[in-house]
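> In order, the protein sequences belong to chains A and D. Residue numbers for the first sequence, in the numbering used here: 1 to 258. Residue numbers for the second sequence, in the numbering used here: 1 to 364.
Honestly, the hints are just simulated from the structure, not real lab data. Idealized CB from N, CA, C, for every residue including glycine. Treat the hints with caution; some may be incorrect.
Using 20 Å as the maximum straight-line C-alpha spacing, the simulated DMTMM-like pairs for lysine to aspartate or glutamate come out as follows [what the hints assert, rightly or not]: (1) D/K71 x D/E189; (2) D/K193 x A/E46; (3) D/K41 x D/E183; (4) D/K71 x A/E249; (5) D/K249 x D/D148; (6) D/K18 x D/D148; (7) D/K193 x A/D89; (8) D/K271 x D/E342; (9) D/K243 x D/D204; (10) D/K209 x D/D158; (11) A/K47 x D/D204; (12) D/K18 x D/E180.
Some residues of chain A that are not near chain D, with every Cβ distance over 12 Å (derived) [claimed, not checked]: (13) K6; (14) V51; (15) D67; (16) P77; (17) C149; (18) L167; (19) Q186; (20) I237; (21) C244.
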Amino acid sequence: MESKEKIIFTRPESLTDRITHYCPGCTHGVIHRLVAEALDNLGVREKALGVAPVGCSVLAYNYFNCDFLEAPHGRAPALATGFKRLRPDMIVFTYQGDGDLASIGMSEIIHSANRGEKFTTIFVNNAVYGMTGGQMAPTTLEGQITTTCPQGRNVAQTGQPIRMVELLAALVTPAYLERVAVHTPQHIIKAKRAIQKAFKYQMEARCFTLIEVLSTCPTNWGKTPEEAINWLEDDLIPYYPLGCKKDPESLERDDGAV
Amino acid sequence: MAKILMKGNEAIAEAAIKAGATNYFCYPITPQNEVAEYMSKRMPEIDGVFLQGESELAVANMLFGASSTGKRVFTTSSSPGISLMQEAISYMAGAQLPVVIVNIMRGGPGLGGILPAQSDYFQATKGGGHGDYRVLVLAPSTIQEAVDLMMLSFHLADKYRNPVMMIGDGMIGQMMESVEIPEKYTEPELPPKTWAATGARGRDPIIIKSLYLDPNLLEDNCSILEEKYDRMKKEEVRFELYKIAPKNKLLIIAYGTMARICQTAIDELEKEGISAGLFRPISLFPFPEDAIYKEVTKKNISDVLVIEMSTAQMCEDVERAAVGKKPITFFGRTGGIVPSPEEVMEQARKLTDKRKPKPGKKKA
Chain A
1 MESKEKIIFT RPESLTDRIT HYCPGCTHGV IHRLVAEALD NLGVREKALG VAPVGCSVLA
61 YNYFNCDFLE APHGRAPALA TGFKRLRPDM IVFTYQGDGD LASIGMSEII HSANRGEKFT
121 TIFVNNAVYG MTGGQMAPTT LEGQITTTCP QGRNVAQTGQ PIRMVELLAA LVTPAYLERV
181 AVHTPQHIIK AKRAIQKAFK YQMEARCFTL IEVLSTCPTN WGKTPEEAIN WLEDDLIPYY
241 PLGCKKDPES LERDDGAV
Chain D
1 MAKILMKGNE AIAEAAIKAG ATNYFCYPIT PQNEVAEYMS KRMPEIDGVF LQGESELAVA
61 NMLFGASSTG KRVFTTSSSP GISLMQEAIS YMAGAQLPVV IVNIMRGGPG LGGILPAQSD
121 YFQATKGGGH GDYRVLVLAP STIQEAVDLM MLSFHLADKY RNPVMMIGDG MIGQMMESVE
181 IPEKYTEPEL PPKTWAATGA RGRDPIIIKS LYLDPNLLED NCSILEEKYD RMKKEEVRFE
241 LYKIAPKNKL LIIAYGTMAR ICQTAIDELE KEGISAGLFR PISLFPFPED AIYKEVTKKN
301 ISDVLVIEMS TAQMCEDVER AAVGKKPITF FGRTGGIVPS PEEVMEQARK LTDKRKPKPG
361 KKKA
């Protein structure tokens, strides 16, 4: 008898079947999947190159089923620049956390964006250094407790958390910059759309593309996975508003200037 | 190609192009800017890649990415810039990537000055960055040799899948000499670059990395590197001898431009009846230690004189090679000051006088 059951949800070809090392409740796995689905949908896995950062996703190359480079801390955009300049026919993406991109790699990301490098950055912002054990990041919220600000982040001494996509949007060079979150199915769908659009722009060699993904870190936030999702919704999103900050389709800027 | 008059920096750039390295990343720093200026003009003509990065830190990491494609890539810089590149050089050595880095050295430490020096010998030959690795280091003494070694550097980088560094003092970059650059660099065949990241089409993904969290795997990687360095020590030692003769009492050891000045000094000393020979290391890693041992321990040699534009950096390797067999005297100038032939001769005279029998004393 013919089975009526059909498999409608499978592992993307762009992911390996390895079990990840990510903590329970961490959304790195979801983001990996969204990137992989985008590569699958666009049929570019076989000409994709990922660049892994230093941070929790340092081992991302074990989970993606495409060629990968493992970069020094913060330098993924420089590696991506060098590679893509020589192989403009390939699809290149960096996958970076907030310590990697917004602290030690600030120079590399700003200049890559400003040169309009035709690669895609997946910027995973969980407001903390994860792999090293929960230290303060440039994105840590005011008052947020970490192992290096046990009294809560004091912005008088450490400055305000950096809003990366807004900062990059201030550059004159065209880019596609959007902030998304992955804490609810609805947000995941939106995030997937943004990531796929970024890769599509890259395939068209239109502009630099960066998607900032707000992500959870229950372990270093000292929260249960459920509490972490709520904290992301209630605390992170108000400071890091979601949405598209820059798109070559609409060159108008927020201040009305064109 | 006929001989033409060329500035060192430009000759280096053209030699790289002839070796198939049409991918260049740079950051401005004196005294090597002519390489970047030359490449920025030439790359669009031949559909190569020229990119001025935001810092030497970024440039070296761009090389990391670019080299991963399997194509020949290079950068040029000078001492403080090379310091900034050490991070990526360590990673590229660990990940076994072939790149060529040229250091047109200026005086240090710190911002130092912009005049010629050889004070980055330790940095180049002893690792520079963190971890158990070496780069293959070549040091030309003429512009023609800079051209030849530049092309060879790309071959050796590919042969060993390791960073190769060519170091020249500022004069190598700034001096003009007649050179002959072949239309195309001919080299022994190399194996296909199956390690390059070219897209996982019909094969498993290629991962280019230096991370091995399992200590056994990291040790395995270090052993692979160590085997390569041992092979370099067997196959890539290069040096040149000048006026080595049984009548010599003195052996002078110098590299790069300094060696040419020593040649002039040796010619002049000969007229004064002092016969000395020159040993010029061309490969600084691997260091020609066996050959130096052989020359130093020759019965006729009573003194070894090491001359550098630094404070006795290569001299440590000479001492290591000579294992105390003969007295070694060092003379060097720093700050961008180049020892003159007369200064070298003065050192040689002192050593020769010291060995002369004292007047009024009978030989035992």
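> Now, for every hint given, state plainly whether the structure supports it.
We went through each hint and held it up to the structure:
no.	hint	result
1	D/K71 x D/E189	holds (15 Å)
2	D/K193 x A/E46	holds (18 Å)
3	D/K41 x D/E183	holds (18 Å)
4	D/K71 x A/E249	violated (35 Å)
5	D/K249 x D/D148	violated (33 Å)
6	D/K18 x D/D148	holds (11 Å)
7	D/K193 x A/D89	holds (19 Å)
8	D/K271 x D/E342	holds (13 Å)
9	D/K243 x D/D204	violated (57 Å)
10	D/K209 x D/D158	holds (17 Å)
11	A/K47 x D/D204	holds (12 Å)
12	D/K18 x D/E180	holds (12 Å)
13	K6	holds (28 Å)
14	V51	violated (7 Å)
15	D67	violated (4 Å)
16	P77	violated (8 Å)
17	C149	holds (27 Å)
18	L167	holds (16 Å)
19	Q186	holds (32 Å)
20	I237	holds (32 Å)
21	C244	holds (26 Å)
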